[in-house]
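Participant: Same order as they appear, the protein sequences are chains A and B. Numbering-wise (the numbering used here), the first sequence opens with residue 1 and increments by one. Numbering-wise (the numbering used here), the second sequence opens with residue 1 and increments by one.
It cannot be assumed that every hint is accurate.
[Said to hold, decoys possible] Simulated coverage check for chain B against chain A, where a stretch passes if three residues somewhere in it have a Cβ under 8 Å from a Cβ of chain A:
{"#": "1", "region": "53 to 61"}
{"#": "2", "region": "65 to 76"}
{"#": "3", "region": "95 to 107"}
{"#": "4", "region": "143 to 153"}
{"#": "5", "region": "156 to 163"}
{"#": "6", "region": "226 to 237"}
[Stated by the list, open to error] Here are some chain B residues the structure puts well away from chain A; computed CB gaps all over 10 Å:
{"#": "7", "residue": "Val7"}
{"#": "8", "residue": "Lys90"}
{"#": "9", "residue": "Tyr122"}
{"#": "10", "residue": "Gln170"}
{"#": "11", "residue": "Gly172"}
Everything labelled a hint here was simulated from the structure, so no lab data went into it. All C-beta atoms, glycine included, are put in the ideal place defined by N, C-alpha and C.
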Amino acid sequence: MKRNIENAVYNEKILSGLPWSGVIKKGQTFRIVDLEGCQAVDTLFYNNNDYSERYSANDTIREQGSIFVTTGTKLISSDDNVMMEMVADTCGNHDTLGGHCSAESNSVRFGLDKKYMHSCRDNYLTLIGELEMNPKDITNNINFFMNVPVEEDGHLAIVDGISSKGDYVEMTAMMDTLVLISNCPQLNNPCNGYNPTPIQLIIWDK
Amino acid sequence: MKSENIVLTETLPSSVKWSKIIKRGQTIQLKALGDNASLSAMFYNASNVSERFNSADTVKIQWNAFLGKNKVLFSEMGRVLFAITDDTTKGLLDTLGGISNDRVIKENFANEATFESCRNGYHKSDRENFLIELGKYGMGKTDMIPTLNLFRKVDVKKGSKLELNPRCAQEGDTIELTALMDVLLVLSNTPHAMDKGEYNPSDVEINIFESVEFKDEDYVEFSEEAKRGFQNTNRYFV
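Hey, can you work out the whole structure from these sequences and the hints?
Facilitator: Written as structure tokens, this is what we have:
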């Protein structure tokens, strides 16, 4: 079935700074659209039938031999299973290393007075509270559309994004997958162009 | 940041797991006893194991995917678990490669060595070692965090490609970690998850140095970000 907006089973706009959770059933395809470009979409994945199995950044990047996720990437779980397979990517270079911002890391990175700004970890803590999960369930996430190049000497920085208005990624679920998203509210670095913007989330049946 | 007095010495044989709470102010020295050392480490605030090593914050905050002397290892709470206070390997540390599981061990080390065939010389994986050792603290799968690997390094080539650096620590090389809080440290002495060929991680000597009180001059060599991490950590103990 060709995927177009008319035959989507879910299609919602998520404003900047908000958390979102949803289940992508096995065989369904999930699209994240960067509506205005240069947004960062912090995303975590869990086996919806057993939250102790979750996306593993280490296993995913080691098995594919690259730090970036893009079309063809298999998102590997902590139990060595494929959770999602990326099937489309109009942008490239989605980050796997930088994790998510938090009140506490903001205090270290930008100054102790930056502790009370809204953050992705706050969004995750809200979601896992609602879902009766545990802070221990939060792990290294993928940052779709966030640009974190690594140089030969290891130098790493979150730099200006390369995504354009309307860029998107698509992934097909290989298991029923709970997805947690924080549509990043960071205002202290260029992860989202210092201007957090909305995203569109779309789901299609098999 | 280190006392002269060693309070504990022991040798960690090839392939085994180990754990201990390293107290605030103590330094743990890990010494390669051969030319093929490779440890994996997971570590936690011993008083609240929900607070744990966060590799993403650690590399992001310090602007580098690689670690070495005078870098610190952050928890997700903006606090410092360990400071890397010495490293004669010149940067043989890794947060990218993760841990081995049984499949990886079978694929990377062709001679399958089971308990049935090799008794206690069987090829243990990191996953097995960590599950067993974490279990002793009432912990399990959800506590298996992105790991710190010691004595091996993974390079990032051409901006994205991961390759295990062929350089190994030499016999006698040491890495020292000073604990800024009481840290539950779990170690697995197993080959790096990207290593191939022969399964023979070297024995590693562990020395723990008596606890010291931190002084302001201890922080001089560290980055501004690390200093704020020390401040957050010290405030935690007020």
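Participant: Now look at each hint and say whether the structure bears it out.
Facilitator: How the hints compare with the structure:
Here's how the region 53 to 61 of chain B fares: 7 of its residues keep a CB closer than 8 Å to some CB of chain A, so the rule of at least three is met and the hint holds. By the rule of at least three residues with a Cβ nearer than 8 Å to a Cβ of chain A, the coverage given for the region 65 to 76 of chain B holds, with 4 such residues. Requiring three or more residues with a Cβ within less than 8 Å of a Cβ of chain A, the coverage given for the region 95 to 107 of chain B holds, as 6 such residues are present. A stretch counts as covered by a chain when three or more of its residues have a beta carbon under 8 Å from one of that chain; for the region 143 to 153 of chain B and chain A the count is 5, and the coverage holds.
Counting residues of the region 156 to 163 of chain B whose beta carbon lies closer than 8 Å to any beta carbon of chain A gives 7, which reaches the threshold of three, so the coverage claim holds. Coverage of a stretch by a chain is defined here by at least three residues with a beta carbon nearer than 8 Å to that chain's beta carbons; for the region 226 to 237 of chain B and chain A the count is 4, and the condition holds. The beta carbon of Val7 of chain B sits about 31 Å from the closest Cβ of chain A, which is more than 10 Å, so the claim that it is off the interface holds. Listed as outside the interface, Lys90 of chain B is consistent with that label: its C-beta sits roughly 13 Å from the nearest C-beta of chain A, beyond the 10 Å cut-off.
Every CB of chain A is more than 10 Å from the CB of Tyr122 of chain B (nearest about 20 Å), matching its label as outside the interface. The claim that Gln170 of chain B is not at the interface with chain A holds, since no C-beta of that chain comes within 10 Å of its own (minimum 22 Å). Residue placement check: Gly172 of chain B keeps its beta carbon more than 10 Å from all beta carbons of chain A (closest about 25 Å).
Violation of the numbered hints given earlier is absent; every hint is satisfied by the structure.
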